[in-house]
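Below are the chains, spelled out letter by letter.
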Amino acid sequence: MQLKFWGTRGDIPAPERDKIKYGGNTICLELVADKPKSKIYLDAGIGLMLAGRSIPAEINDFHIVLSHYHWDHIQGILPFVPFFLPKNNIHIYGYAHSEIELKDYLNTLYLYVFSPLRTIDFYAAKVYYHPLGINQDFVIDGIQFSTIQLDHGDFTLGYKVTGEKGLSFVYASDNEIRPGSRLYRNLIEKSKSSNMVIHNCKFNDADYKTHSGQGHSSLSTVLHFAKEAGVKRLGLIHYHPNYTDNDVDKMLEQAKTLAPEIQTIGTREGMQINF
Amino acid sequence: MINNLVFWGVRGSFPISSRDMLVYGGNTSCLSLQLDEDTVLVFDAGSGFKNLGENIVKTYKNKPPEIHVLVSHFMWDHIMGIPFFKPLDMPGAKIFFYSAKRDDHFSLKEIFTVQHSRDYFHVDFVELAAHLVFYSVQCYQPFKIKNALITPVVLNHADITYGYIVEFQGKKIAYICDTAPFHTSFLGTLPNPKYSEKKYMNYIGNRLVELMKGASIVYVDAHFNETEYKDKHHWGHSTPEYMIKLCNLCGVTNLFLGHHAPEHNDEFVDKMIADAKKINQNPGLRIFGAKENMTIKIVNENTTHA
Chain U
1 MQLKFWGTRG DIPAPERDKI KYGGNTICLE LVADKPKSKI YLDAGIGLML
51 AGRSIPAEIN DFHIVLSHYH WDHIQGILPF VPFFLPKNNI HIYGYAHSEI
101 ELKDYLNTLY LYVFSPLRTI DFYAAKVYYH PLGINQDFVI DGIQFSTIQL
151 DHGDFTLGYK VTGEKGLSFV YASDNEIRPG SRLYRNLIEK SKSSNMVIHN
201 CKFNDADYKT HSGQGHSSLS TVLHFAKEAG VKRLGLIHYH PNYTDNDVDK
251 MLEQAKTLAP EIQTIGTREG MQINF
Chain E
1 MINNLVFWGV RGSFPISSRD MLVYGGNTSC LSLQLDEDTV LVFDAGSGFK
51 NLGENIVKTY KNKPPEIHVL VSHFMWDHIM GIPFFKPLDM PGAKIFFYSA
101 KRDDHFSLKE IFTVQHSRDY FHVDFVELAA HLVFYSVQCY QPFKIKNALI
151 TPVVLNHADI TYGYIVEFQG KKIAYICDTA PFHTSFLGTL PNPKYSEKKY
201 MNYIGNRLVE LMKGASIVYV DAHFNETEYK DKHHWGHSTP EYMIKLCNLC
251 GVTNLFLGHH APEHNDEFVD KMIADAKKIN QNPGLRIFGA KENMTIKIVN
301 ENTTHA
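Chains as they are written, first to last, in this note's numbering: chain U, 1 to 275; chain E, 1 to 306.
Bound-form chain U, shown alone:
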């Protein structure tokens, strides 16, 4: 499978000139199966709007797998063009106890004061809701997903994603590293056997001092985790909306010094990684 990045920014889109290398669109990743029958996305930040502009006509099935419902992870659903075509089937996955609950989380986007569409049922496409729990496995187009509970608010999921060749990565876009906690140990276990970890790194070490406890991680805490889990390849994601390309480059330089044994990558829009 191939992993493509449509958006890597955290919190709110940051469409500024000095942030264009890593990109200013909020988080959306695409998974391309070796024999793709459908389009698969991880999270639905504004990157999803851009992804939706170039869909081949023969694709009718879409899978949108969500980590949680904070605005920066769902705001790309509203302008996603495939929703407007009756031929399409769109499957949405996210943490919830029922289909109705999952739909309700998203329907807030459509309250009539927020959007002219008024309800998510407005769409011409057929929409299916797949509520997920913790440690749940499912398969889409031959790609295996396993959910991981993360440390970010009450109900944020990470995913271990395994491709057709058995290579895998862990996706933890919103997570705070708190060594020793149950969720920390759980994430270590899931990460040990994977080929790459894509993890939140919203803050550099200086800024984290005043922002710990908000559900996001810093460079040093992520590297600490990566070392303990024996991660060889680490992708940073969810950059602070104020961080310029220069700021991200600085963090990557620091990572080389702090953890030379780990290949640390700054994920950026347009990047593709094969598994």
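Take the hints with a grain of salt, since some may be wrong.
Unchecked claim - With a straight-line Cα cutoff of 20 Å, these simulated SDA-like cross-link-like pairs (lysine to any residue) come out:
(1) K21(U) with D266(E)
(2) K101(E) with P116(U)
(3) K86(E) with K21(U)
(4) K232(E) with R118(U)
(5) K21(U) with K109(E)
(6) K109(E) with S115(U)
(7) K86(E) with L111(U)
(8) K291(E) with L111(U)
(9) K58(E) with D247(U)
(10) K103(U) with K232(E)
(11) K86(E) with K126(U)
(12) K144(E) with F134(E)
(13) K58(E) with E16(U)
(14) K209(U) with D89(E)
(15) K101(E) with L111(U)
(16) K101(E) with D207(U)
(17) K86(E) with Y208(U)
(18) K232(E) with N204(U)
(19) K126(U) with H211(U)
(20) K232(E) with K126(U)
Said to hold, decoys possible - Simulated coverage check for chain U against chain E, where a stretch passes if three residues somewhere in it have a Cβ under 8 Å from a Cβ of chain E:
(21) 12 to 24
(22) 65 to 73
(23) 106 to 117
(24) 228 to 241
Unchecked claim - Interface residues of chain E toward chain U, partial, derived using beta-carbon atoms under 8 Å:
(25) P15
(26) I16
(27) S17
(28) G26
(29) N27
(30) F74
(31) W76
(32) S107
(33) D119
(34) Y120
(35) D124
(36) F125
(37) V126
Treat the hints as calculated values from the structure; they're not laboratory data. Ideal Cβ positions, reconstructed from N, Cα and C, are used throughout, including at glycine.
Dock chain E against the given chain U, drawing on the hints supplied.
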């Protein structure tokens, strides 16, 4: 002092980060107008509102100014910057929000609560440090903020959308966003089903023309070009051509075309602006494409510098 009008976001509908959209910018609706040294007037709170907030914190350090925010309507691109507005975390900050009086339960305070609920954001409404005041305002009823007189006007967009006309230091500045031309109502809806669409459109259009008379700076929704507008006349957005006509009826001197569609790259918007200038027959009306971070100095003579 110099009273600057600053464009923090002029993109319409959705923020977008793209290499070919950096000239006009990707942040959504937010303009600010310095009323006096301690008072900032703001038009809308789209993603550009975040950058305005950073700027306020930088400029005023620990002594926040009074911030008055006029909200046109509640669609996402006009309110999405609110949770990221730094002055909300400043103890001692006073922030006043103004929006249309509504018959339903959706006050702006309600919107705040939804935006800041745990399901969707990591900070709860009650944790905010600033002192917040929410005002409901009524169309065509002027009110004062310091030395400025503000008149809300009804626009043709969403369920209830207001534009704002500000009279300040002998000048008139109008923020007319979002609106479709006053021909076909938004998605065919009317505030009262008994209204005749034609009469209602005429009425709100005429009121706007009357109130905008003699404005020196007007910022408008010019989302579509004429070709796109043909199929989308009920979508709530205008064209440069329509806005030029409207502004010429009012004797406007400086027109800023904004709310650029997220599908339009810089080259496309450049062409729309160039075409708009060609269409305009009136040398008394100067036309500009609104760009992010553009600052307009409002000076006392009857001139402006973009």
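Results of checking the hints against the structure:
A threshold of 20 Å between alpha carbons decides the hint, and for K21(U) with D266(E) the separation of about 18 Å falls inside it, so the pair holds. Our distance criterion of 20 Å between C-alpha atoms is met by K101(E) and P116(U), whose separation comes to about 19 Å. Between the alpha carbons of K86(E) and K21(U) the distance comes to roughly 25 Å, so the proposed pair goes past 20 Å and is violated. Annotation: proposed proximity of K232(E) to R118(U) holds, straight-line Cα distance about 18 Å (limit 20 Å).
In summary, the hint linking K21(U) to K109(E) is not supported, as the alpha carbons are separated by about 37 Å, beyond the 20 Å threshold. Between K109(E) and S115(U) the CA atoms are separated by roughly 18 Å; this keeps the pair inside 20 Å, and the hint holds. A threshold of 20 Å between alpha carbons decides the hint, and for K86(E) with L111(U) the separation of about 26 Å lies outside it, so the pair is violated. The hinted pair formed by K291(E) and L111(U) fails the criterion: a straight-line CA distance of about 30 Å is larger than 20 Å.
For the given pair, K58(E) sits about 19 Å from D247(U) by alpha-carbon distance, which is consistent with the 20 Å threshold. Taking the CA atoms of K103(U) and K232(E), the gap is near 29 Å; set against the 20 Å cutoff, the hint is violated. Distance restraint check for K86(E) and K126(U): the Cα-Cα separation of roughly 40 Å exceeds the 20 Å cut-off, and the hinted pair is therefore not satisfied. Using a Cα cut-off of 20 Å, the hinted pair K144(E) and F134(E) holds, with the two alpha carbons roughly 15 Å apart.
Of the pairs offered as hints, the one joining K58(E) and E16(U) holds, with about 18 Å between alpha carbons and a cut-off of 20 Å not exceeded. About 17 Å separates the Cα atoms of K209(U) and D89(E), which keeps this hinted pair within 20 Å; it holds. At roughly 18 Å between alpha-carbon atoms, K101(E) and L111(U) fall within 20 Å of each other, so this suggested pair holds. Taking the CA atoms of K101(E) and D207(U), the gap is near 41 Å; set against the 20 Å cutoff, the hint is violated.
Between K86(E) and Y208(U) the alpha-carbon distance is near 17 Å, which keeps this suggested pair within the 20 Å criterion. Distance check on the hinted pair: K232(E) and N204(U) sit about 46 Å apart at the alpha-carbon level, beyond 20 Å; violated. Simply put, K126(U) and H211(U) have alpha-carbon atoms about 41 Å apart, too far for the 20 Å limit, and the pair is violated. A distance of roughly 24 Å separates the Cα atoms of K232(E) and K126(U); the hinted pair therefore is violated under the 20 Å criterion.
Note: the segment 12 to 24 of chain U has 10 residues with beta-carbon separation from chain E under 8 Å; the three-residue rule is met and the coverage holds. Three residues within the 8 Å Cβ limit are the bar, and the segment 65 to 73 of chain U against chain E gives 3, so the coverage statement holds. For the segment 106 to 117 of chain U, the assignment as covered by chain E holds, since 8 residues bring a beta-carbon within under 8 Å of that chain's beta-carbons and 3 suffice. With 1 residues having a beta carbon nearer than 8 Å to a beta carbon of chain E, the segment 228 to 241 of chain U misses the requirement of three or more and the stated coverage is violated.
About 4 Å separates the beta-carbon of P15(E) from the nearest beta-carbon of chain U, less than 8 Å, and the hint is met. Evaluation of the I16(E) hint against chain U yields a held restraint, the C-beta minimum of about 6 Å falling below 8 Å. This hint holds: S17(E) has a C-beta 3 Å from the nearest C-beta of chain U, less than the 8 Å allowed. A distance limit of 8 Å between C-beta atoms decides the matter here; for G26(E) the minimum to chain U is near 3 Å, and the interface restraint holds.
At about 6 Å, the closest approach between the beta carbon of N27(E) and any beta carbon in chain U falls short of 8 Å, and the interface hint on this residue holds. Interface restraint check for F74(E): the shortest CB-CB distance to chain U comes to about 4 Å, inside 8 Å, so the restraint holds. The beta carbon of W76(E) comes within 6 Å of a beta carbon in chain U, closer than 8 Å, and the hint placing it at the interface holds. The restraint placing S107(E) at the interface with chain U is violated, with a minimum CB-CB distance near 10 Å, outside the 8 Å limit.
The criterion of a C-beta within 8 Å of any C-beta in chain U is met by D119(E), whose closest approach is roughly 5 Å, and the hint holds. For Y120(E), the suggested interface contact is upheld, since its CB lies about 6 Å from the closest CB of chain U, less than 8 Å. Evaluation of the D124(E) hint against chain U yields a violated restraint, the C-beta minimum of about 11 Å exceeding 8 Å. Of the supplied interface hints, the one on F125(E) is violated, with its beta-carbon coming no nearer than about 15 Å to a beta-carbon of chain U, more than 8 Å.
This hint is violated: V126(E) has a C-beta 16 Å from the nearest C-beta of chain U, more than the 8 Å allowed.
Figure legend: structure checked against the earlier numbered hints; hints not met, in rising order: 3, 5, 7, 8, 10, 11, 16, 18, 19, 20, 24, 32, 35, 36, 37.
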